[in-house]
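Mind docking these for me? Both chains are given alone in their own frames, and the hints should help you get the complex.
Same order as they appear, the protein sequences are chains A and B. Using our numbering, read the first sequence as starting at 1 and increasing by one per residue. Using our numbering, read the second sequence as starting at 134 and increasing by one per residue.
Worth flagging that the hints you see were computed from the coordinates, not collected in a lab. Keep in mind it's a predicted model, so treat the numbers as computed, not measured.
Where chain B lies over chain A, by a calculated footprint (3+ residues, C-beta under 8 Å):
{"no.": "1", "stretch": "13-20"}
{"no.": "2", "stretch": "113-122"}
Result set (DSS-like, lysine-lysine): computed pairs, CA atoms no more than 25 Å apart in a straight line:
{"no.": "3", "chain 1": "B", "residue 1": "161", "chain 2": "A", "residue 2": "116"}
{"no.": "4", "chain 1": "B", "residue 1": "155", "chain 2": "A", "residue 2": "22"}
{"no.": "5", "chain 1": "B", "residue 1": "140", "chain 2": "A", "residue 2": "22"}
{"no.": "6", "chain 1": "A", "residue 1": "14", "chain 2": "B", "residue 2": "161"}
{"no.": "7", "chain 1": "A", "residue 1": "130", "chain 2": "B", "residue 2": "143"}
{"no.": "8", "chain 1": "B", "residue 1": "148", "chain 2": "A", "residue 2": "116"}
{"no.": "9", "chain 1": "A", "residue 1": "116", "chain 2": "A", "residue 2": "98"}
{"no.": "10", "chain 1": "B", "residue 1": "155", "chain 2": "A", "residue 2": "14"}
{"no.": "11", "chain 1": "A", "residue 1": "81", "chain 2": "A", "residue 2": "98"}
{"no.": "12", "chain 1": "A", "residue 1": "100", "chain 2": "B", "residue 2": "161"}
{"no.": "13", "chain 1": "A", "residue 1": "4", "chain 2": "B", "residue 2": "139"}
{"no.": "14", "chain 1": "A", "residue 1": "130", "chain 2": "B", "residue 2": "148"}
{"no.": "15", "chain 1": "A", "residue 1": "4", "chain 2": "A", "residue 2": "55"}
{"no.": "16", "chain 1": "B", "residue 1": "155", "chain 2": "A", "residue 2": "116"}
{"no.": "17", "chain 1": "A", "residue 1": "14", "chain 2": "B", "residue 2": "143"}
{"no.": "18", "chain 1": "B", "residue 1": "140", "chain 2": "A", "residue 2": "130"}
{"no.": "19", "chain 1": "A", "residue 1": "22", "chain 2": "B", "residue 2": "143"}
{"no.": "20", "chain 1": "B", "residue 1": "155", "chain 2": "A", "residue 2": "100"}
{"no.": "21", "chain 1": "B", "residue 1": "139", "chain 2": "A", "residue 2": "22"}
{"no.": "22", "chain 1": "A", "residue 1": "116", "chain 2": "B", "residue 2": "140"}
{"no.": "23", "chain 1": "A", "residue 1": "4", "chain 2": "A", "residue 2": "81"}
{"no.": "24", "chain 1": "B", "residue 1": "139", "chain 2": "A", "residue 2": "116"}
{"no.": "25", "chain 1": "A", "residue 1": "4", "chain 2": "A", "residue 2": "85"}
{"no.": "26", "chain 1": "A", "residue 1": "130", "chain 2": "B", "residue 2": "139"}
{"no.": "27", "chain 1": "A", "residue 1": "116", "chain 2": "A", "residue 2": "14"}
{"no.": "28", "chain 1": "A", "residue 1": "81", "chain 2": "A", "residue 2": "55"}
{"no.": "29", "chain 1": "A", "residue 1": "22", "chain 2": "A", "residue 2": "4"}
Note that the Cβ used here is the ideal one computed from N, Cα and C, for glycine as well.
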Amino acid sequence: MTSKRYVLLIEDEKFQATLFSKIIENELLDFGYRVITLDNGRDALKFFSGEKVLKIEQSEIGLVLLDLAIHDISGLQILAKIEAKIPVAVLSANEDTKVKEEAMRLGASEYFVKGKSIEELNRLREFVVKVMG
Amino acid sequence: MQQDEKKLAKQELEKIYDNRFKWLQVGKMLRGRFADSLHNNPKLNWVLRLVIIANIGIWSSLILFILKIL
Chain A
1 MTSKRYVLLI
11 EDEKFQATLF
21 SKIIENELLD
31 FGYRVITLDN
41 GRDALKFFSG
51 EKVLKIEQSE
61 IGLVLLDLAI
71 HDISGLQILA
81 KIEAKIPVAV
91 LSANEDTKVK
101 EEAMRLGASE
111 YFVKGKSIEE
121 LNRLREFVVK
131 VMG
Chain B
134 MQQDEKKLAK
144 QELEKIYDNR
154 FKWLQVGKML
164 RGRFADSLHN
174 NPKLNWVLRL
184 VIIANIGIWS
194 SLILFILKIL
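Just chain B, same shape as in the assembly (with noise of 0.2 Å):
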């Protein structure tokens, strides 16, 4: 009977572990496919780097503007 108990208290104790890390297994896969693209095409890096740079020239753009009419 203990032994029953305990079996099933095992499973259900796996269904809670795998449900807690599973983002944290997808998380580290999406990440490995991430660097593996870099890697493979160094010329993404470039664009990353373009895009951030355009980005942070955009939105304080817009803040230096709005601080301007406030």
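Isolated chain A (complex conformation) (with noise of 0.2 Å):
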């Protein structure tokens, strides 16, 4: 196993953060990687500029899911914030194309639309095993 072994998950409603953490943590049991989630953009950020917010570093984390719609912060100025080399999949209700272009250009590696379709939720778990598997 290598040394990424968590999933960080950036979500502030409290039931979606569960859900997404649920769903993500069934899909990767077979590899024994854990999702760990953060409820607000100030401490995203402060995490991302270095700063010991969660018990793990930045090292450690495989694979980053954003929610657009933080109440504090822009999810756009979170992904601006996250190193290029940490895959970031993008998690939002909006399906307008400008949003996801921005979002792609900040250096998101997928962008998923919330509660659109199973099968787009079929797609954010091909994606996170493809990562993180």
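Right, dumping it as structure tokens:
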């Protein structure tokens, strides 16, 4: 197993954070990876600036799942702060192509529309397994 | 055994996911239909504006009337 043992989920809505954690953890069950959650933008910015917000280091993160609609800070701001070597999958309810293009320009690896369909959820699962598996 | 549990959990999580986001899909569909209606029938746009203005007028008159009584 590599040192990248965690998936970091940045999501401020508690129910969705729990739901996505369970979905991803279930998908990565065979690999033993864990999902760790940050529920606000300020802490996410601090974490990617090198401050000790979580018990883990940035180097232990294999994938970031980022919700764009965080209440305190724009998800795009956080995206710009994340190092290019960490893959980022954006989760957003916004289907606007301009937002998607902006996210991809800022370094997102993939863009998933939350709640669009089960096919979209499966696409997210496949992406997570591809990156972490 | 673990694979069965994983499959079961996957199905349950899909149900929860679907229920959670159903309202979002319905909301998007209704908004789309409303936008289409406005696009196909520009008069509806004016009618809605008039309804809003009339409502503001009625409620502000009522409030002013009540304030005057008090």
